[in-house]
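So the sequences go chain by chain: Z and V. At position 116 of the first sequence (counting the first as 1) the number is 116 in this note's numbering, and the numbers step up by one without a gap. Each position in the second sequence, counted from 1, maps to that position plus 348 in this note's numbering.
Accuracy of the hints is not assured; some may be wrong.
Said to hold, decoys possible - Just a sample of chain V residues kept apart from chain Z, beta carbon distances all over 12 Å, derived:
hint: 1; residue: 388
hint: 2; residue: 456
hint: 3; residue: 500
Unchecked claim - Each computed EDC-like pair below joins lysine to aspartate or glutamate, with the alpha-carbon atoms no more than 16 Å apart:
hint: 4; chain 1: V; residue 1: 453; chain 2: Z; residue 2: 97
hint: 5; chain 1: V; residue 1: 453; chain 2: V; residue 2: 533
hint: 6; chain 1: V; residue 1: 452; chain 2: V; residue 2: 363
hint: 7; chain 1: V; residue 1: 452; chain 2: Z; residue 2: 207
Read the hints as simulated data drawn from the structure, not as lab findings. All values derive from a computational prediction rather than experimental measurement. Every residue gets a Cβ at the ideal spot worked out from N, C-alpha and C, and that includes glycine.
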Amino acid sequence: MSQVNGVEQPAILVEGLTKSFGEVRALRGIDLSVPHGTVLGVLGPNGAGKTTAVRILTTLLRPDGGRAEVEGYDVVRDAAAVRRTIGLSGQSAAIQEELTGRENLEIIGRLYHLSWPRARSRATELLEQFGLSDAADRAAKNYSGGMQRRLDLAASLVGQPRVLFLDEPTTGLDPRSRLGMWDIIRSLAAGGTTLLLTTQYLDEADELADEIVVIDHGLVIAAGTAEELKGRVGGDVVEFAVPDRRRIADAVVAVTKMGEGEPHADQETGVIYVGVGGRGSDALIEAVRSLDAANIETHDLRLRRPSLDDVFLALTGHAAEEEEDQPSGRRRGLRNRRRGQADARVAS
Amino acid sequence: MTAVAESAGGLGAAEPGLRTRIGWAITDTLTITRRNLLVWMRVPAYLVFTVIQPVMFVLLFRYVFGGAIHVAGNYVNFLMPGIIAQTAAFATFGTAIALAQELKKGVIDRLRSMPMARSAVLAGRLVADTGRMLVTILIIVGVGYAVGFRFSNGVVPAIAMVLLATVFGLAICCISAYTGLAIGDEESVQAFGLIWLFPLTFLSSAFVPIATMPGWLQAFANNQPVTYVIDTMRALALGGPVVPSLWKSLVWLAGIFVVFLPLAVRAYRRAG
């Protein structure tokens, strides 16, 4: 299957994929290629088209144009064959809450046409693998959010898929559950499963993906490894707040020469940040010195890794926030993660 | 890498034959039916709510309103076929709500992305809900007996009455399945259910003789399917001419199946 004329075919191949919902062009011609056994991170804000792409690849939605293949099967013409090859874990826990974890997995096993004994043993295997053995016979509605997501992921693996689609697997999870989910995803990747995961978090894509594509307004706007993308942002970021709004301009001047690229200042909150490349703590020390020399009081001076917002600002010149033309109710604002909308570039 | 990926594939990707596919359609439907019944039994509140509401209606109309409603013969005998038909129709609230919930939670997406029979989710839902409905109907017949209702036309017509009520419920179930999938939001589905099911069942011969309604309302009540079904049920339970209302009932029910079953299937295919 993976070899055609001796040439290795990718596990997922997408060419010029388009999809509109009425006036809204959710996908405007996307290309993807995911080699076998690798992990592709699809990074983008809500409404970028990530879920639409996943829904097309998992045969839930028909594309308007272009083509998409999974393991060599066309998602429209050979949809049934695609379904025998893939697993899907969506944004919410698609489980029957009234039933136990074990019953959920057994039923999925039966729907994959496993015999009863096989469905039972597969459920037991997965419950063990996902640390749910102790809770196996409790109703899933009593599970924590993290446990429900693990059960959902386990359900997507019942059919032993070769290609697994994870749509925002950690959205809504607390930090500890999130790390647990990362471990599971890493072990799946290590087991040779081809993975496509969507995320809004650069650090998540960084942790898990071999390759990242950044999607915005239905287009791939950047592709590469996490390091390459961060390089385009300017590596790490020095960030601080200036309580005295009148000194913002002075602070910007003070940190301009150490930054790679221009500092960004939020006039309302007084938060200033600047990309500093790979110089990390050296740049931080430099910032402390030059701000001190200019006699500017600062709060919360710190070095941080670039966020999705930084990547977006660097790649598109607009913040990840500005997507409001979503077709359905799948939008969940990034607003809470952002400090404010009044980000403005300050010319020096 | 390739070897690992291929050994990881537990399912053959080859297209199965027609006989296998038909077999799967049946076993998948049974699996979904079993799942739905399991959920139903796991939540006693479902059974209690589906039964308590009609029981309250029985008591309310038997002992509160009944004395003021004049019909030929005993009112409780007039009442019970109407209550039973309404019970069957209202039981389909559960169908619409369950499908809307599954749609919202992504359960339907998960099932549609799996190599199972596409017909099974709807078929299993209809089979399970019909079973649920039948149990509810039998309980209400029992309650009716406790408050004085009696079948007076023999056993076979009595069974036929229960059967007709169930087929009627199944037809309404198709409409509810369609609304649940098309609307896809639990609260809206519930509100919408009230809007069409209440008038349809109350503006019929269920609780009062239609002749007591104003003329314009009679025009509707006399010509709508719920009245035909209830009149037939009454004739089966108590005696009287069955045929005239029976064939009209069957034509209506067939019409509902022909229109709403394909609509529900289409809504399922396009779900989400």
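Problem set entry | Numbers of unmet hints, in rising order | 1, 2, 6 and 7
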